[in-house]
Amino acid sequence: MLDQYATTLTFIALGAIFAYSFYAVLIAGQLSLGQAGFASLAAFSGASLAPSGADVGEVPALLIAVVIGMSVGALAAVVLGLPTMHLRGVFLAIATLGFAEAVRVVLLNQEWTGGAQGLGVPRVLTVGMAWMALALVAYWFWRMGRSRYGRALEAIREDELAARSMGIDVGRHRLAAFVTAGAVAGLYGVLYAYYVRLIAPGDFDFTAAVEGLVTAVVGGSTMFLGPLLGSGFQTIVPEVQRAVGVEAGWIRPFLAGLLLLVVILFLPGGLASLIPRRTRMPSGADDDTAGLAGRRHPAAGEPVVTLAGLGKEYGGVHAVRGVDLEIRAGEVVGLIGPNGAGKTTLVNMISGLVPPSTGSATVLGTAIGSTPVHRIAAAGVSRTFQHSKLFNRLSALENVLVGAHLVSRPTFLRRLLWLPSARRDERAALRQAARCLERVGLTSLAATRAEALSYGDQRRLEIARALASDPSLLILDEPAAGMNHVEAAQLSQLIRSLAQDGLTILFIEHNVGMVLQTCSRVVVLNFGEVIASGAPEAIAADPAVIEAYLGSADDDVDGGLLAEGTRADATPAEDAPPDAVLNLRPGDAGSLDTPDTSPREAT
Amino acid sequence: MQQLLNGIFIGSIYALFAIGFTLVFGILDRLNLAHPAVFAASAFVGIELVERGGLSLWAALPIVFVFGAVLGLVIERVAFRPLKGRADAHFAGLISSIALAGMLVALLQWRYGPDTRRFPPGSFPDTRFEFAGAQVTLVQVVILVISLALMVGLTYMVTRTRLGRGMRAVAENPTAARVLGVDVDRVTAVTFAISSALGAVAGVLFAINVNTAQLGMGSAIELKGLAVIIVGGMGSLPGALIGGLLLGLAEVFAVQYIGSSWRDVIAFGLLFVILLLRPQGLLGARKVREV
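Same order as they appear, the protein sequences are chains F and S. According to this note's numbering, the first sequence holds residues 1 to 603 in order. According to this note's numbering, the second sequence holds residues 1 to 291 in order.
Since the hints were made in silico from the structure, they are not lab data. Every residue, glycine too, gets a C-beta built ideally from N, C-alpha and C. Wrong hints could be hidden among the right ones.
Stated by the list, open to error - Here are a few chain F residues that face chain S, going by a calculated C-beta distance under 8 Å:
| no. | residue |
| --- | --- |
| 1 | Pro83 |
| 2 | Phe91 |
| 3 | Ile94 |
| 4 | Gly98 |
| 5 | Glu101 |
| 6 | Val106 |
| 7 | Phe206 |
| 8 | Pro253 |
| 9 | Leu258 |
| 10 | Leu260 |
| 11 | Leu265 |
| 12 | Pro268 |
| 13 | Arg393 |
Unchecked claim - Just a sample of chain F residues kept apart from chain S, beta carbon distances all over 10 Å, derived:
| no. | residue |
| --- | --- |
| 14 | Tyr5 |
| 15 | Thr126 |
| 16 | Glu438 |
| 17 | Arg439 |
| 18 | Ser533 |
Working from the sequences, and respecting the hints, build out all of it.
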């Protein structure tokens, strides 16, 4: 009974293993077609270097070949990965494809591979062995899914820059995913060789690579069962057609293409999206075990950020010029200034996203400049972005879990072995994430995908994600943008309560009223330079600040206007004399933009 | 000299094929893997027009051009438009165009069978020229002239016309283009049509050059097309031209001096070196996509 389908079943397993080698990188958002090359190298080296079955027995020979093949595949992935990991998207796909084709042609021209005639390999693999190997591979990816490592890969897929800012070493993770792909492709190559009896370099060509990619995508590249479903689909469709009597010829490929098209157009997540996905909910009650390893925060008053003559120039335009600033632990510093004043550039430099052109800066003991973003995050800097950079296809809770990357322990390898300590660590991370969600009031939306949240909720989720790493310095880039005044008041309260916990906060905001209310110190930037710095009351009365915002001090607008947080009307632009209008140009958007300022009920 | 000319002839076909590829990528940021199927389909259609329709070779070309344009519209409508706005549109577009390409090739097999087809004898004028000691046929000269003319025409269209301006606007920023009144859907469809029309002409010219058409001819040139657009710079039209000619010459000389079995390594060796040293390609600009 089973014998009749043994071939089909074996090919399903082999196809699925190959598809897993694509899944391994797709999950991190990388499109690679080099797997055919890895499989090819592994198949030929495994089959020719392994001892013959007559000497050690057939199954041990296969096992030795598998070890050789997987090592060769992984090694090839390192060699190919090191120079190509900086490539993205289609560029990576084509570079890796180029590698695979080069491997094919080179092997074709070697003596030891048998060239175009191919290399004879004994058939050792049985359907049971194939499925056992598949089960191991699937198990690997299943356990990876909910580990810290698996989450980091998904975060990289969704938004690489945000992942970096959460402290994830993107380069290392991408290379690790690539090497996994190489090893799995190597496994496929060897198993394939020990099943089909005769392998030729042409078996691992462009068509084969595309087939593997298609299988992975059809099955679904965001869920570990995807490649298996994809392979079942791709293998069974022609079998069913044969069984119902569709003749060989054009109809079979036509129908296969049509089905593929239907799946890809109508099932965005692949076949795996038909399986309901269990969403994780924060486990509340059991607070018996300790939380995550916290970090050592600087004591109140110690310097957190020290900027000395910091400047950034873009092609002759000074976005930021000669900024000297010191932020001490426990301070809440508001950074205001008209649009284009250089606020975001300044915080981008502090968080390591943008290297400064001049000057120097130390953040939490780390010199910025050539230090990668994830190192600065590791030093205790956490931030939100002006335009939300959430991990869109992950749930709110998962977003925050990624935020906890730096303070949680790696769990993947321990999860493979089902060690209880991994479970404990995951629970601790979950509790941490749940606490952060609760703090911003999103507990009820924990299972919602980030992209489905309302704008205000997305902003709050960004804050929760930034909090999850237990930062020493929290940078908020326009957190209240687009919020109504009730939400802004709640946000202001949240920021003050975070400050009470001893967190140092630097935030950019156009809502001047809110800044004046929330901060212990306000820094005003205009044309890239600090024009004022001091206590909120002093700033609100500072003529230079008023001029920057409203155009000119002799307009009939007094400082009290700002202090009260009333809307800075559009009128100055109309009332001002012509020269003042010119003066106001760079700043006018800033004042007009000022969204419905200040929580009125608070005054 | 003979080799040099041969390299230029085959290279101009590669360039024409790659330019269609790179046009869609440069403007719409999508890789259309159904392009090689258009290439193959048009070769068969071209042969049929000459064989059954009794048309001359040159009368068949404009018809094939239109045929390619229509196929391009179908590809856009079926494989790309439904994916608009999806987070995974990039991967999904690759797969849907592969699926559509599979269907197209299956239809070709249905209509023309699996065998290699040729133009009927006597389709080609047998005028020959001597050029600096090398043999050149009229057909080869015409291939070169048509390829160059189409590429010049395309460049003119992209840089000088209203439609071309729309294309460049879409390439920069589709949302902004829409706000400014560019009909993005129309520009997208037209881009696909032009791209496929060029691919179709390249297919017929290729079939004329080697006097064969095979079901697998699309996949054979697909890899070369990818190599050309990377070498030239993704999305760069002059880059595709230079890349195509370079590849044609490199192949011909590789066969001459190294051996035919290594021919394909040249394309990918070149590709690899370029990607490592200059990922944006010879004429590509990083980030700023040009058309």
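Against the structure, the hints come out as follows:
no. : hint   : in the structure
1   : Pro83  : holds (5 Å)
2   : Phe91  : holds (6 Å)
3   : Ile94  : holds (5 Å)
4   : Gly98  : holds (4 Å)
5   : Glu101 : holds (5 Å)
6   : Val106 : holds (7 Å)
7   : Phe206 : holds (6 Å)
8   : Pro253 : holds (4 Å)
9   : Leu258 : holds (6 Å)
10  : Leu260 : holds (4 Å)
11  : Leu265 : holds (5 Å)
12  : Pro268 : holds (6 Å)
13  : Arg393 : holds (6 Å)
14  : Tyr5   : holds (25 Å)
15  : Thr126 : holds (32 Å)
16  : Glu438 : holds (28 Å)
17  : Arg439 : holds (28 Å)
18  : Ser533 : holds (35 Å)
In summary, the structure agrees with every hint in the numbered list given earlier.
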